[in-house]
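Student: Each chain, letter by letter, is given below.
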Amino acid sequence: MLAYIARRILASVPVLLVVALFVFLLLRLTPGDPAAIIAGDMATPDQLERIRDSLGLNEPLLTQFVTWSGQLLSGDFGSSLISRTPVLTLIGQRLEPTLSLAIVTMIITLVLSIPMGVIAAWRHGSLTDNAVMAISVLGFSIPVFVTGYIFIQIFAIDLRLLPVQGFRSVFDGVGPFLARIVLPAFTLATIYIALIARMTRAAMLEVLDEDYIRTARAKGLTERIVLFRHALRNAAVPILTVVGTGFALMISGVVVTESVFNIPGLGRLTVDAILARDYPVIQALILLTSGIYVVINLLIDISYAFMDPRIRY
Amino acid sequence: MGETIAKDRRPIEAGTGTGTGMQTDAILVVENLVIETNGRDPHRIIDDVSLTVGPGETVCLVGESGSGKSVTSLATMGLLPKGALSARSGRILVEGEDVLAASPSRLRQMRATRMSMIFQEPMTALNPVMTVEEQLQEVLTAHASMSAADRRTRIREILSLVHLPDVERMCRSYPHQLSGGQRQRVMIAMALVLEPKLLIADEPTTALDVTTQKQILKLIAEIQERLGTSVLFITHDMGVVADIADRVYVMRHGKLVESGPIQSILTKPERDYTRDLLSAVPALSPRAARPASSREIVLETSQLGMVYGQASLFKKREGTVAAKDVDLKLTRGRTLGIVGESGSGKSTVARCVMRLIDPTTGSIRLRNHEIANLSRRALRPWRKRIQMIFQDPNRSLNPRLTVGDSIIEGPVNYGASKQDARARARELLELVGLPADAIDRHPHQFSGGQRQRIAIARALAMEPDVLVADEAVSALDVSVQAQVLDLLDDIQTRLGVALLFITHDLRVAAQICDDVAVMQRGRVVEYGPTAEVLGNPREAYTRELIDAAPGRHWDFPNFRPMPAAVAPVDVTPGG
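Line by line, the protein sequences are chains D and L. For the record, in the first sequence the residue sitting at position 168 is 168 according to the working numbering, with numbers rising by one throughout. For the record, in the second sequence the residue sitting at position 269 is 269 according to the working numbering, with numbers rising by one throughout.
Rather than coming from a laboratory, the hints here were simulated on the basis of the structure. Computed from a predicted model, the values in this text were never measured in an experiment. Beta carbons are placed, not taken as given, at the ideal position from N, Cα and C, and that holds for glycine. Heads up, a few of these hints could be off.
To be verified - Each pair of labels, with its calculated beta carbon distance range:
id, chain 1, residue 1, chain 2, residue 2, range
1, L, Ser179, D, Gln71, 56 to 64 angstroms
2, L, His176, D, Glu206, 17 to 25 angstroms
3, D, Ser69, L, Arg521, 36 to 44 angstroms
4, L, Asn413, D, Ser69, 49 to 57 angstroms
5, L, Asn32, D, Leu299, 57 to 65 angstroms
6, D, Met1, L, Ser375, 39 to 47 angstroms
As the list claims (entries may be wrong) - Covered, in the sense of this in silico footprint (three residues per stretch, anywhere, with C-beta under 8 angstroms from a C-beta of chain L), are these stretches of chain D:
id, segment
7, 150-157
8, 168-174
All chains should be built: construct the whole structure from the sequences, respecting the hints.
Tutor: So this is what it looks like as C-alpha cells:
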C-alpha cells in the first residue's frame with residue numbers, strides 16, 4: 001500500500017512537469033513579445049529591453065525554463081503586473097473563501113444527494129424515484145446565477161433571514177461565517193446534488209441486481225443494512241470518482257457563484273487576471289488548479305483500495 | 001464401494017409416495033401455489049404447485065430453465081423480485097407458519113433462523129468488500145442477542161463444521177481470496193449458523209468442478225445428518241438427483257409434472273417428460289469408435305506452453321504456468337476432447353490454438369503450416385481456417401446485429417460479396433435447423449439452444465477446417481444439449497470439419513469425442529481414444545474425475561442402475 005502511494009506520487013511528477021512546461025510556454029509562445037505585453041503600449045524601447053533582461057528573455061529557451069522552474073520550486077511565483085503584490089500572497093488571500101465555499105458545498109451535496117440516490121434506486125420506478133429524477137433534471141437545467149438570485153430574493157430580501165452577500169472568515173466566528181456561506185453553498189450544490197444523486201442511483205441500481213444483495217436479504221437483514229452496508233459500499237467507486245472530480249471542478253469553477261454573492265475567491269481572481277492579462281497570476285493559478293487535480297486524483301485512487309479489497313496495486 | 005454421496009435411505013421413502021402432504025410435522029409445505037407476473041397482462045409463472053419436505057429429508061426439485069423451480073424456492077424465502085412477481089394464491093408453510101402471510105419484519109426474523117438459502121454462484125453470492133467474519137457476524141447480530149465473544153466462538157465453530165482449513169485466516173479473508181469450493185462452504189456456514197430447520201439449495205454445485213461438487217454434496221449430507229436439517233435441493237442435473245435425493249419433484253413450465261421417491265422416478269417414470277429428461281442425460285460410457293475417414297492431420301500442437309505474467313525487465317517473479325508441453329493431434333473429420341477442471345489449462349490451450357493469445361513456447365501447425373509465431377498480418381489468411389464456438393450464446397452474439405449480419409460479417413471481411421454471403425447464410429441456418437427467415441431477426445428473439453445453433457452457423461460460414469468449441473453445450477439444458485451435440489455430429493459427418501471440444505463434463509466428452517486429452521494443472525496427464533481413457537483409465541486423476549461424476553452408478557436412458565460390468569472402475573480416491 002505504502003509502496004503504491006509512493007509510486008503514485010512519483011508518477012504525478014511528470015504530469016506537473018508537463019503542466020509547468022505548458023504554463024512556461026504560454027507566455028513565451030503568445031504572439032508578440034512578452035515584454036511588450038507586459039510593458040504595455042506606452043513603453044519605450046529602453047524599458048522593453050530592461051523588462052526583457054529581467055525576464056531573462058535573451059537567454060536560450062531551455063535555460064529560461066530551468067531558471068523559471070527553479071524559482072517556482074523555491075516558492076517564487078513572481079509578482080502581479082497590476083498590483084505588484086507577490087502572486088503567492090494574492091492567491092493566499094483568495095484561497096480561503098473558495099475552499100470554504102467548496103467544502104461547505106460538498107458537505108451539503110453529500111448529505112443530500114447520496115440518500116436521495118440510494119432511496120431512488122431502492123424504490124426504482126416509484127413516485128419517489130421519479131421525484132428524485134425530476135429534481136435532478138431541474139438542478140442541471142437552471143443556471144447557477146438564476147438559482148442564486150432566486151435564493152437571495154427569497155431568503156435575504158423577502159424573509160430577511162440571511163445577509164444578501166459577502167464573506168466572513170470562519171476564524172472570525174462560526175455564526176456570521178455560516179450565515180454568509182449557506183446561500184452560495186446551496187446555490188452551487190444544486191448542480192452537484194443533481195449530478196451525484198443521479199450517479200448514486202445508477203451505481204446502486206446496478207449493484208442491487210447483484211447476487212450478494214439477494215444473499216444479504218436471505219440472511220434476514222433489514223433493508224437499511226442491505227442498502228447502506230452491502231449495496232452502497234459496492235457502488236462507492238464510481239460515486240467517489242464523481243465526488244472527487246466534482247470537488248476539483250468546484251475550486252476552479254466557482255466564478256459565477258462568487259460573483260453573484262460577491263465572495264472574494266479564486267474564481268474572481270482568475271477572471272480579473274485574465275481580463276487584465278496578468279500573466280504571472282494566470283500562470284500560478286493554472287499551476288495551482290492542476291496541482292489540486294493531481295492531488296485529488298491521487299486521493300481518489302487511494303480511496304478505491306480502501307473501498308474495494310480486490311483493488312491492489 | 002468407494003466414497004459415494006448417497007446416504008442411507010430414510011424410512012420416509014417407504015410406501016409414502018407422493019402422499020406426504022398429509023404429514024403434520026412436515027418442515028415445508030407448499031400448497032397450491034400460484035405466482036404471476038405483475039402488470040396489465042399477468043403471466044402465470046407457477047401454476048398450482050404443491051410439495052412437502054419432511055424432517056431431515058432431502059427433496060430435489062428438478063426441471064430445465066424456465067420450469068419455475070428457482071421461483072418456487074425464492075417464494076419460500078419471501079424473496080420474489082419486488083414489483084415483478086407476486087403470489088396470487090396458495091400457502092407456503094415453514095414449520096407451520098405461512099411465509100406469504102407474514103409481515104416484512106416477521107419474514108426477516110424467519111430468514112436464517114427457520115429457513116436459509118444457498119445459491120448457484122459462490123463467486124457472486126458473497127459480498128466482495130466484506131470479510132468472511134463480517135458477513136457471518138451480521139447474521140448473528142441480526143437475529144440473536146449474543147455477546148461479542150460468543151459470536152466469535154460461534155463463527156469459528158461453524159467454519160470448522162464446514163471443514164474450512166485455517167479458520168482464523170478464513171475469518172480475515174475476502175471472498176476473492178478463496179476458491180469456489182471454499183466460498184460455497186462459507187455460504188453453507190452462513191446459512192446454517194443459526195441452525196434453521198430448512199435449507200434451500202438452488203443449484204449450489206452447478207458452477208463448481210466435479211470433484212469440488214462431490215465434496216460439497218458430501219458436506220451437505222454430513223451436516224444434514226448432524227443437525228437434522230431438511231433440504232430442498234433445486235437442480236437440473238439428474239446425476240446429482242440420483243446421488244442425493246430421497247424424493248423428487250419434476251417441474252416444467254411452472255407446473256408439477258411428476259413426483260415420487262427417487263427409486264420410482266428413476267426406474268418407473270410415469271410421464272413422458274420425465275422419461276425424456278432421463279433419456280437426455282448423456283451416458284458416461286464412451287461412444288463406439290468411429291472408423292477414421294481421413295489421415296490428414298489438420299491441427300497439431302507440440303511442446304505448446306503458456307506462462308502468464310512472466311518475469312520482465314522490471315519485475316522479478318515466477319509466472320503462472322497455464323499450459324506446459326501440450327502435444328495434441330487432430331485429424332480431419334474427427335473430434336478431440338480436452339477435459340479438465342477449472343484452472344487445468346484447457347481453455348488456455350484453446351485460446352493459444354486460436355491465437356487469441358500468444359503461446360510462450362511450442363508450435364501450432366494448422367494444415368501443416370506453423371502459425372504459433374505468425375504476426376497478426378501473416379495470420380490473417382489462417383484465421384478463417386479455425387473458428388470458435390463459445391460457451392454462452394447469450395453473450396457471444398452481438399445483440400444489435402441481425403443474425404444474418406453476424407453470420408456474413410466474417411465472409412464479407414474475407415472478400416465474399418454480400419449477396420453470396422447471405423445466400424450461404426440461409427443455407428447454413430437451414431443446416432443448423434433454423435428457419436431461413438431467421439436471417440433478419442435479432443438474437444434476443446431466439447432461445448439459448450437456437451442461439452447456439454446461430455453461433456455454430458456463424459463459425460461454419462468461414463468454412464473452417466477446425467471448429468473449436470469451448471464448453472459449447474455447458475450452458476444449455478440437457479434436452480437442448482443433446483440436440484446441439486447431435487447437430488455437431490451431423491455437421492461433422494456432412495462437412496468433414498474437425499472439432500476441438502473443450503469441456504468439463506465427462507458425460508458430454510464420452511458422447512462426442514473420438515479422442516480425449518485429460519488436463520490437470522496445465523499438463524496433459526492422459527491422452528488416447530475415448531473408449532480407453534474413460535473406459536479403462538490409467539491415471540489416478542482420470543479415475544478421480546470419473547469417480548466424481550454425479551450419478552455414475554445409474555444408467556439413466558435405460559431406467560436402471562449401471563450394470564456392474566459396464567460401470568467405470570470404482571476406486572477410492574487417495575486424498
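Student: Each hint needs a verdict: does it hold in this structure or not?
Tutor: Do the hints match the structure? See the list:
1. Ser179(L) to Gln71(D): 56 to 64 angstroms: holds (58 angstroms)
2. His176(L) to Glu206(D): 17 to 25 angstroms: Taking Cβ atoms as reference, His176(L) and Glu206(D) lie about 19 angstroms apart, which means the hint holds.
3. Ser69(D) to Arg521(L): 36 to 44 angstroms: violated (55 angstroms)
4. Asn413(L) to Ser69(D): 49 to 57 angstroms: holds (52 angstroms)
5. Asn32(L) to Leu299(D): 57 to 65 angstroms: The hint (57 to 65 angstroms, Cβ to Cβ) holds, given that Asn32(L) and Leu299(D) are roughly 59 angstroms apart.
6. Met1(D) to Ser375(L): 39 to 47 angstroms: Cβ of Met1(D) to Cβ of Ser375(L): about 41 angstroms, so the range 39 to 47 angstroms holds.
7. 150-157: Since three or more residues must qualify, the claim that chain L covers the segment 150-157 of chain D is violated, with 0 doing so at under 8 angstroms.
8. 168-174: violated (count 0)
Violated hints, listed in ascending order, are 3, 7 and 8; each of the other numbered hints is respected by the structure.
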